[in-house]
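Asks: Please model the complete structure; the sequences and the hints are all you need to start from.
In case you want the letters, here they are:
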Amino acid sequence: MTQLSQFIINGLVVGGIYALVAVGLSLVYGGLRIPNFAHGVWVMVAAYLTVTVIGQWQINLWLAILIILGIMGVVGAVQELAWFRIIRGKSTLVLILAAFALSLVVENIYVLRFGGKFSRSFDFPIKGGFTVGGVVISYQRLTVVLVTVASIAVLSVFMSRTRMGRAIRAVAENADAAAVTGISVSRVYLWVFGVSTAMAGIAGLLLAGMYPVQPFLGANEILKAFCIIIVAGKNNVSGLVAVAFGLGVAESVAMGYLPWTSVGEAIAFAGLAVALYIRPQGLVADPGAPA
Amino acid sequence: MGNLLELNGVSKFFGGLHAVEGIDLTLEEGGFLGLIGPNGAGKSTLLNVIAGYYPATSGKTFFKGQDITDWPNWKRARAGLARTYQSNRLLPTRTVAHHIQLAIQAAKNPSVGAAVRQAFRPYRDPTDEAVAALAPFGMEELLLEEAEALPHGHQRLLGIAMTVAACPVRPGLLLLDEPVTGMNDVEIEFTLDAVRRLRADGFTVIIVEHNMRALMRSVERVYVLDVGKKLAEGTPAEIASNPKVIDAYLGSALQGEET
Amino acid sequence: MSKIWDALTGVRAETRTIEVAPIGSPRSSAELPRLKRRHPDWPYMLLVVAVVVLLPFITDNEYYATVLILCGLWSFHAVGQTVLLGGSGELNLAYGAVFGVGAYMAANLLGFDWPFGLVLILAGLAGGLITAAFGFPLLKTRGLFYAVMTMAVGLLAAKIFIEWTAVTGGSVGLPVPMVDLSFIPLLGDVNPGRLSIAYLVWALVLLGLVFAQRLLASPFGLILRGIGGDEPLVAALGYRAGHYRLLALSLTGVYAGIAGVLFAVNIGYVTNGPFSFWTAFTVIIMVIVGGRESVWGSVIAASFLTALPEVLRSVQSYRMIVYAMVLYIVVVIRANKVAGGIEH
Numbered sequence: 001m002t003q004l005s006q007f008i009i010n011g012l013v014v015g016g017i018y019a020l021v022a023v024g025l026s027l028v029y030g031g032l033r034i035p036n037f038a039h040g041v042w043v044m045v046a047a048y049l050t051v052t053v054i055g056q057w058q059i060n061l062w063l064a065i066l067i068i069l070g071i072m073g074v075v076g077a078v079q080e081l082a083w084f085r086i087i088r089g090k091s092t093l094v095l096i097l098a099a100f101a102l103s104l105v106v107e108n109i110y111v112l113r114f115g116g117k118f119s120r121s122f123d124f125p126i127k128g129g130f131t132v133g134g135v136v137i138s139y140q141r142l143t144v145v146l147v148t149v150a151s152i153a154v155l156s157v158f159m160s161r162t163r164m165g166r167a168i169r170a171v172a173e174n175a176d177a178a179a180v181t182g183i184s185v186s187r188v189y190l191w192v193f194g195v196s197t198a199m200a201g202i203a204g205l206l207l208a209g210m211y212p213v214q215p216f217l218g219a220n221e222i223l224k225a226f227c228i229i230i231v232a233g234k235n236n237v238s239g240l241v242a243v244a245f246g247l248g249v250a251e252s253v254a255m256g257y258l259p260w261t262s263v264g265e266a267i268a269f270a271g272l273a274v275a276l277y278i279r280p281q282g283l284v285a286d287p288g289a290p291a
Numbered sequence: 292m293g294n295l296l297e298l299n300g301v302s303k304f305f306g307g308l309h310a311v312e313g314i315d316l317t318l319e320e321g322g323f324l325g326l327i328g329p330n331g332a333g334k335s336t337l338l339n340v341i342a343g344y345y346p347a348t349s350g351k352t353f354f355k356g357q358d359i360t361d362w363p364n365w366k367r368a369r370a371g372l373a374r375t376y377q378s379n380r381l382l383p384t385r386t387v388a389h390h391i392q393l394a395i396q397a398a399k400n401p402s403v404g405a406a407v408r409q410a411f412r413p414y415r416d417p418t419d420e421a422v423a424a425l426a427p428f429g430m431e432e433l434l435l436e437e438a439e440a441l442p443h444g445h446q447r448l449l450g451i452a453m454t455v456a457a458c459p460v461r462p463g464l465l466l467l468d469e470p471v472t473g474m475n476d477v478e479i480e481f482t483l484d485a486v487r488r489l490r491a492d493g494f495t496v497i498i499v500e501h502n503m504r505a506l507m508r509s510v511e512r513v514y515v516l517d518v519g520k521k522l523a524e525g526t527p528a529e530i531a532s533n534p535k536v537i538d539a540y541l542g543s544a545l546q547g548e549e550t
Numbered sequence: 551m552s553k554i555w556d557a558l559t560g561v562r563a564e565t566r567t568i569e570v571a572p573i574g575s576p577r578s579s580a581e582l583p584r585l586k587r588r589h590p591d592w593p594y595m596l597l598v599v600a601v602v603v604l605l606p607f608i609t610d611n612e613y614y615a616t617v618l619i620l621c622g623l624w625s626f627h628a629v630g631q632t633v634l635l636g637g638s639g640e641l642n643l644a645y646g647a648v649f650g651v652g653a654y655m656a657a658n659l660l661g662f663d664w665p666f667g668l669v670l671i672l673a674g675l676a677g678g679l680i681t682a683a684f685g686f687p688l689l690k691t692r693g694l695f696y697a698v699m700t701m702a703v704g705l706l707a708a709k710i711f712i713e714w715t716a717v718t719g720g721s722v723g724l725p726v727p728m729v730d731l732s733f734i735p736l737l738g739d740v741n742p743g744r745l746s747i748a749y750l751v752w753a754l755v756l757l758g759l760v761f762a763q764r765l766l767a768s769p770f771g772l773i774l775r776g777i778g779g780d781e782p783l784v785a786a787l788g789y790r791a792g793h794y795r796l797l798a799l800s801l802t803g804v805y806a807g808i809a810g811v812l813f814a815v816n817i818g819y820v821t822n823g824p825f826s827f828w829t830a831f832t833v834i835i836m837v838i839v840g841g842r843e844s845v846w847g848s849v850i851a852a853s854f855l856t857a858l859p860e861v862l863r864s865v866q867s868y869r870m871i872v873y874a875m876v877l878y879i880v881v882v883i884r885a886n887k888v889a890g891g892i893e894h
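Protein chains in written order, with the numbering used here: chain A, 1 to 291; chain B, 292 to 550; chain C, 551 to 894.
Rather than coming from a laboratory, the hints here were simulated on the basis of the structure. Some hints here could point you the wrong way.
What the hints assert, rightly or not - No farther apart than 25 Å at their CA atoms in a straight line, the calculated lysine-lysine pairs in the BS3-like style are these:
| id | chain 1 | residue 1 | chain 2 | residue 2 |
| --- | --- | --- | --- | --- |
| 1 | C | K690 | B | K366 |
| 2 | B | K521 | B | K351 |
| 3 | B | K399 | B | K366 |
| 4 | B | K399 | B | K355 |
| 5 | B | K399 | C | K586 |
| 6 | B | K520 | B | K351 |
To be verified - Have a look at the derived ranges for each label pair, beta carbon to beta carbon:
| id | chain 1 | residue 1 | chain 2 | residue 2 | range |
| --- | --- | --- | --- | --- | --- |
| 7 | B | E319 | C | I883 | 55 to 63 Å |
| 8 | C | P687 | B | K535 | 49 to 57 Å |
| 9 | B | P346 | C | I712 | 40 to 48 Å |
| 10 | A | G129 | C | I671 | 55 to 63 Å |
| 11 | A | V74 | B | P383 | 34 to 42 Å |
| 12 | A | R88 | C | P665 | 54 to 62 Å |
| 13 | A | R88 | B | L308 | 31 to 39 Å |
| 14 | B | G356 | C | W592 | 48 to 56 Å |
| 15 | A | V74 | C | R584 | 55 to 63 Å |
| 16 | C | W592 | A | R88 | 39 to 47 Å |
| 17 | B | P346 | C | E713 | 39 to 47 Å |
Stated by the list, open to error - Here are some chain A residues pointing at chain C (derived, C-beta under 7 Å):
| id | residue |
| --- | --- |
| 18 | K90 |
| 19 | V94 |
| 20 | V105 |
| 21 | V111 |
In this text, a Cβ means the ideal position worked out from N, Cα and C, and glycines have one as well.
Replies: Right, dumping it as structure tokens:
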């Protein structure tokens, strides 16, 4: 029983990362209909930044976090301006290819700089943990889950209470109508990308302490994030979080009890395939949609 | 001889919205039915259900005596149930020729096997067939033009031409969804003329139109929908003087103005 | 700013409407436009054959046979993916995995002394069937979701390649027995084995090209492109779109399987590295750069993108960066024409 609980705890941690990535991605995909495959790459970039800024330069933790998130936010906005703006409104195939191209460019720049196999490890600043009923919960793990939930909560507040948040929702609903009411659609795009990439940054910050940092970090997570979005619906934050945590736990439990390492993923995709077979439009769609 | 089309208690609900409810409708072969109703009455939804684009929530649909309630749209098309769209629905960047060839092939043999087999047979010039399909609509010179670049009226006609060319059998049922909307008088006359010729060619027609003048003077019978239910049915004269119908439209539409 | 970009790249902001005679006007001229037949392929094929055969006499560089083979392999890949991408516009990101299946089949079956021709055919069939098998349940999805699912399949397969050591040798890999292809007449003074492989590969490229070209130019191609443009519209005409999409997808699998055998025989030792999503995506880049619907374009783009880095001896990562940038530029410039069955 304690073993199962341990697996579940681990699964919640993994799920938390998935949730962060999925929610961040859903901002751009759900709001702006851009399937940003480059999202995963920013997780990696943030992780490398973490290792450098906190690990190497030893800058004060809180300041460093602010700096990194700030950088990621700006990077996100620049991403929109320099890479995606020119193809705004074009077909989804164009957007997918452009997003893939961006991810390839950034990944390979990092490979050239740091080498494909090279990875750095990073020490999480809060060590130790505590035990509850035979289950070990490290502070690191706890932090991941708490930060995930907190970040998403902050995001929800941002989206519902702030002026920019409401503007984003307006543009996501109907960009033309929003423009008519005086909302600067371009500004909204910059903000959405900025916030989305900042969320990726949070995931990167957390991941840096968990796994070795290498240029292909985040590739796994981005695929899972898309799958989570497919199942939960691209605008449904609570659904995304639920599915993400569910996926993490399912993977962790499966990997714990079954011998082969790939089983976790197999379960995830099997579940996804089943979900898609039952509801091809994803689980959130108009039930009367055309055959 | 039975009816060409028969709807028994057909309903379509979208979640809580009852778009159409309890529709009973019969249409004989050779008929020409106009489907009218105020905005939001459910005309397009009903057309979509008949076409198989939406599955009916309840009720049964019969075509040429067969129960087609569960038939998907491709199956209905192969049986002779053809539909056009309310909006100009065409393939982006493709030529008129591409569209009409698609339609012609569909009538010949829409199966994958047939299409693949064609690939490895000697080349046959498809121009004549394409021209023949477009000539009744006066569009044969536009073969190589980009379909979406055509003016609105031509696009609508192309939609009709495709639908007709793709219909492999006669008798056929043609569902026209607002075919003359946005057209000028000359174009409207031409289109109605084309529909007349199609009827002579073996098509039974159901037309949804907001342009009351055009519809009322062409059709044989009128079926009126209001808030998803049948309001009245009869000849154009009967309907025009039916107080319930006039009420539903607030009188204006039936006085000859376009909605 | 955006107006300048539009002007520079010719990207149209709105659709234009052309001037035509009003409806109902009489025919303006007796001459009707004819639907042009496609240019015949055989002059270009002769050109390719000439290049492949004469190359030994033009260059002394012994490396050229390798470059020739690589260009051929990638061209073959690109032709295979063009059937799908240039038709319905869907992405098969599991292509690399099926490619791997073909390669592992070669390594194993040739090790049991099965004849090369048989292995080639079986790998093609296996590739097609396996692709159909995972493609069938995916038919309910479209566009982006479809691509993501194929990506997931590919990733799963990659894991299986590592785990199933009995068949694949795991991360260590498997050797591929030498195949005697000396029945093909040889020219030049390069190591004879290499050259015969080059000829074989290019012969198959040309065969595969003709096949793909005929399909895409036929009603099948018309219908597939129609499905890519507006699937419900095509279905309403009476077509079963799922059948067409599945066939196109399966055909890419056939190409992948055959390519796997060629690859294995060429390289002599098979490890799981090349059977990833990256390979699939690189092929897609080549198809797009060559013009999404053009089979010859795919061959040219694949050859060019392969030969150039080889000739420049560049590192894999630089190569990927260049590929990605080229893809981006091509996609941006042709954004209005790179539509496809991937709207969601």
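Asks: Just to be careful, I want the Cα atoms of K399/B and K586/C compared with a cutoff of 25 Å; is the pair within it?
Replies: Holds. K399/B to K586/C sits at ~21 Å (cutoff 25 Å).
Asks: Taking the closest Cβ pair, is V94/A under 7 Å from chain C?
Replies: 5 Å, holds
Asks: How does the Cβ-Cβ distance of V74/A and P383/B compare with 34 to 42 Å: does it lie in that range?
Replies: 36 Å, holds
Asks: Hold the hint about V111/A up to the distance rule: shortest CB distance to chain C must be less than 7 Å.
Replies: Since chain C brings a Cβ to about 5 Å from V111/A, closer than 7 Å, the hint holds.
Asks: Given the range 39 to 47 Å, decide if the beta-carbon distance of W592/C to R88/A lies inside it.
Replies: 44 Å, holds
Asks: Need the status of pair K399/B, K355/B: alpha-carbon distance at most 25 Å?
Replies: The given pair, whose Cα atoms are some 21 Å apart, holds under the 25 Å limit.
Asks: With a cut-off of 25 Å on the C-alpha distance, tell me whether K399/B and K366/B pass.
Replies: 14 Å, holds
Asks: Could you say whether the range 55 to 63 Å given as a hint is met by the Cβ separation of V74/A and R584/C?
Replies: 57 Å, holds
Asks: Within 31 to 39 Å or not, the Cβ separation of R88/A and L308/B?
Replies: 33 Å, holds
Asks: For the pair P346/B and I712/C, does the Cβ-Cβ distance stay inside 40 to 48 Å?
Replies: The hinted range 40 to 48 Å holds for P346/B and I712/C, with Cβ atoms some 45 Å apart.
Asks: Does the Cβ distance between G129/A and I671/C fall inside 55 to 63 Å?
Replies: Taking Cβ atoms as reference, G129/A and I671/C lie about 59 Å apart, which means the hint holds.
Asks: For the range 54 to 62 Å, tell me whether the beta carbons of R88/A and P665/C fit it or not.
Replies: 55 Å, holds
The structure meets every hint from the earlier list without exception.
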